[in-house]
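Participant: Single-letter residue listing:
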Amino acid sequence: MGSMNVKQMVEQRIGDMEVLPNVVMKLLSFTDDDDHSLKDVVAVIQNDPSLTTSVLRVANSAAYAPRTAVTTLSRAIVMLGEKMVTGIAIGSCLSHMYNDSLDGYESVKGEFWNHSLRSAIAAKQISGYALKDIQGDFAFTAGLLHDIGKSVISDFLIGSSEMLRNWLESGQVEDFIQAERNLLGTDHAEVGYAISVKWGLPEILCDVIKYHHQPGQAPEEERGVLYTVHLGDMVAQLGGSGTGSDNLAYKIDENYKDYINIDERNLDLVFLQVQDEFWGIKSEIFSSDRN
Amino acid sequence: MATLIVGVGECKVSNKNGDKIRALTLGSCVSVIAFDPKNHVAGILNIALPDSSINKKRVTEHPGMFANTGIPLLLRMMTKSGYDGKSELIIKLAGGSTILDSNQTFNIGKRNILAARKALHTVNLKPEAEDVSDNYSRTVSIDVVTGIVIVSSPGKGQWDL
Ligand SMILES: [Fe+2]
Ligand SMILES: [Fe+2]
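Protein sequence lines, in the order shown, are assigned to chains A and B.
Each residue of the first sequence is one higher than the last, beginning at 1178 in this note's numbering.
Each residue of the second sequence is one higher than the last, beginning at 20 in this note's numbering.
The shape of chain A in the complex, shown without the other chains:
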């Protein structure tokens, strides 16, 4: 490793990462573009036999229980909705990333995907309470991707969980993001942003990843989505789907109230809905793993 500091090692790790599979890239480019049709989505997916199989399998699964077998992609996509299809694509094409344990966070295999999926479902539910119109499907995708930086940074945190937790308890740092920063000179939001730029994700998705713990620092026109994902992330952590040592070690940005109008009762309802949806689709997307 020579004279490289942690930040440089992280950068090198990002540089070595594979490019984003084309099919995921295309599906993601649809998420902030209203000007596409079902045909476009079918065209992208049918090029990938393995993904086609996964989509059809989910559409025919117990969670959706179609009355007659779903045999065409177009019917499957209409049934599942584009957000689920994008979710299946991300879950299966990036399963090596999402299904790994995050050892630096003392987080076991499966938790990273569960956290991402639950954040996505919650963000979509929260989008219903946004003061300005937020596209639920977009909130879902953004929720799914918000923590990708953890997959790279985790290795550099191995053995430090206890120390970072102590920093937090003694008030040396304000939250886990600052703890990561103190230790490594970077944090999972910044690293996630670098990954998203490398992958060439749509700009708004890159910004969601970058600012998800500091939504107030995002450009004004993006803040509605940012606060939606920020709260979705919180709901997932509260629901017990965190990623180990950093769970609940973040602050909620109170200015969400300028963008999202949700009270106790409605939050309880969101909790219940998120739990139901999570139960329904967790196993289905899981079983679409290619591994």
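The set of hints was computed from the structure by calculation and includes no laboratory data.
Just so you know, these numbers come straight off a predicted model, no measurement behind them.
We put the CB at the ideal spot given by N, CA and C, even for glycine.
Incorrect hints may have been included.
Simulated restraints on C-beta separations [to be verified]: (1) T1248/A with E80/B: 31 to 41 angstroms; (2) N1224/A with P91/B: 49 to 59 angstroms; (3) T22/B with S1347/A: 27 to 37 angstroms; (4) D1435/A with K57/B: 51 to 61 angstroms; (5) M1340/A with L133/B: 32 to 42 angstroms; (6) G1258/A with D120/B: 31 to 41 angstroms; (7) V1255/A with K145/B: 47 to 57 angstroms; (8) T98/B with N1432/A: 44 to 54 angstroms.
Please build the complex by placing chain B with the ligands on the supplied structure of chain A, with the hints as guidance.
Facilitator: The following block gives chain B with the ligands in isolation, referenced to the frame of chain A:
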């Protein structure tokens, strides 16, 4: 010998020698842990929300989801497995965490703890030990024979409750 896993809104009870009951990672959810030392019956209820009034339909499907309907369910299941309803019942609470500096709305954990204590109070029970609130996640388990309850948290290790 088995380890029974308790998911969100579920309740599991056992009287089998060697069994363990374990609640999946708790955030704002609260585990109500019950142990009858005389008959060796143990149970964990994993409540997610304080009150069933937000969705009455759900009560029949998932009474364990809410504090007010979950506690009676736990007691019914304990009785079915051999708790005689009269001898000592040790109750412990774990979970109910929240995010840092949480406001009232997002402090579901605190609302769950208060609701759990209240629901226990109405059946004349009181937690003997609690490991609640704060801002980290927990896993709890109980050994059916010994009644020993272990709490663990990533980055914090594990301890007895
Ligand atoms: Fe994060
Ligand atoms: Fe997160």
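Participant: For every hint, state whether the structure bears it out.
Facilitator: Each hint, compared with the structure:
{"no.": "1", "hint": "T1248/A with E80/B: 31 to 41 angstroms", "verdict": "32 angstroms, holds"}
{"no.": "2", "hint": "N1224/A with P91/B: 49 to 59 angstroms", "verdict": "55 angstroms, holds"}
{"no.": "3", "hint": "T22/B with S1347/A: 27 to 37 angstroms", "verdict": "35 angstroms, holds"}
{"no.": "4", "hint": "D1435/A with K57/B: 51 to 61 angstroms", "verdict": "57 angstroms, holds"}
{"no.": "5", "hint": "M1340/A with L133/B: 32 to 42 angstroms", "verdict": "33 angstroms, holds"}
{"no.": "6", "hint": "G1258/A with D120/B: 31 to 41 angstroms", "verdict": "36 angstroms, holds"}
{"no.": "7", "hint": "V1255/A with K145/B: 47 to 57 angstroms", "verdict": "54 angstroms, holds"}
{"no.": "8", "hint": "T98/B with N1432/A: 44 to 54 angstroms", "verdict": "50 angstroms, holds"}
In summary, this structure violates none of the numbered hints.
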